[in-house]
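K.L.:
All chains, full assembly: derive it from the sequences and hints.
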Amino acid sequence: MTADSPTILATCGGMVDGGWRDAAYGPLLRLAIELAGVTGRAPRVAHVNTAGGDPRFVEGAELEAARAAGAEGSHIRLFPHPNHERLAEHVLSRDVIWVSGGSVVNLLALWRAHGLDALLRQAWKAGVVLAGGSAGGLCWHTGGTTTSFGPDAQVVADGLRFLPGSFSPHHDSQPSRAPAFREAIVSGRIPPGYGVEEGVGLLYRGDRLIEVVAERAGAAAWAVSADGSEERLPARDLTVSPRP
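Quick note on the working numbering: the sequence shown kicks off at 699 and runs consecutively.
These aren't lab readings, by the way, just hints derived from the structure by calculation.
Computed from a predicted model, the values in this text were never measured in an experiment.
The C-beta atom is built at its ideal place from N, Cα and C for all residues, glycine as well.
A hint or two may mislead.
Stated by the list, open to error - Label pairs and their computed distance ranges (CB to CB):
1) E770 x G813: 23 to 31 Å
2) A786 x R739: 15 to 23 Å
3) S871 x F777: 25 to 33 Å
4) D856 x E757: 27 to 35 Å
5) R784 x A921: 36 to 44 Å
6) G848 x G738: 41 to 49 Å
7) R784 x P873: 42 to 50 Å
8) E929 x A824: 31 to 39 Å
P.N.:
Below you can see the structure in the form of structure tokens.
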């Protein structure tokens, strides 16, 4: 079973400390699985680590976290070459695609070179839940802020455009993000959008934002308008609030 409408969960979170395990699925990642609506079998979650260069050393922890969450984990790699001969078949057979952080600039270039961008659009329209954190939240939007080029936030304006607005992760933890985001919106380089604090996710149905959620108490998103004004958007706390 897949989501009943095209669904994206764009976040600044996902994997959390696993205690005696290396890592665990946090509330945001678990919400992505819930949104897929899988019954009668383990949900299939594909981890995509393109933005970090497909590091093999993280894969064991991700697969163990998937097992602990009752999911069937897999990976989609492009370095040094694709790890699935039938890439389209694998992508379209997943329930959730979770994209981890790193360089969104490198991610976009590699996905486009391999046609993964088009496959993900097809999967999204077919009901596969697309989700991810940081670069994995930004990529679905028109643009946003990135540290792909160095420690100070710069702007990327050639996102996948599945979603019409812009996205800025780490809005509260990296001081250069919020000013760069506002300036880019006011100048018209990117459209109005959302700054997302650590632990926050934006839930979209189709291209419409329907809910702000968080795995950290008190965290929020910020809607930034064309004139640079900001509006705080409180988040439903996933650690205490049942889904309505």
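K.L.:
Hints first: check each against the structure and report whether it holds.
P.N.:
To see whether the hints hold, each was checked on the structure:
no. : hint                    : in the structure
1   : E770 x G813: 23 to 31 Å : holds, 24 Å
2   : A786 x R739: 15 to 23 Å : holds, 21 Å
3   : S871 x F777: 25 to 33 Å : holds, 28 Å
4   : D856 x E757: 27 to 35 Å : holds, 28 Å
5   : R784 x A921: 36 to 44 Å : holds, 41 Å
6   : G848 x G738: 41 to 49 Å : holds, 48 Å
7   : R784 x P873: 42 to 50 Å : holds, 45 Å
8   : E929 x A824: 31 to 39 Å : holds, 34 Å
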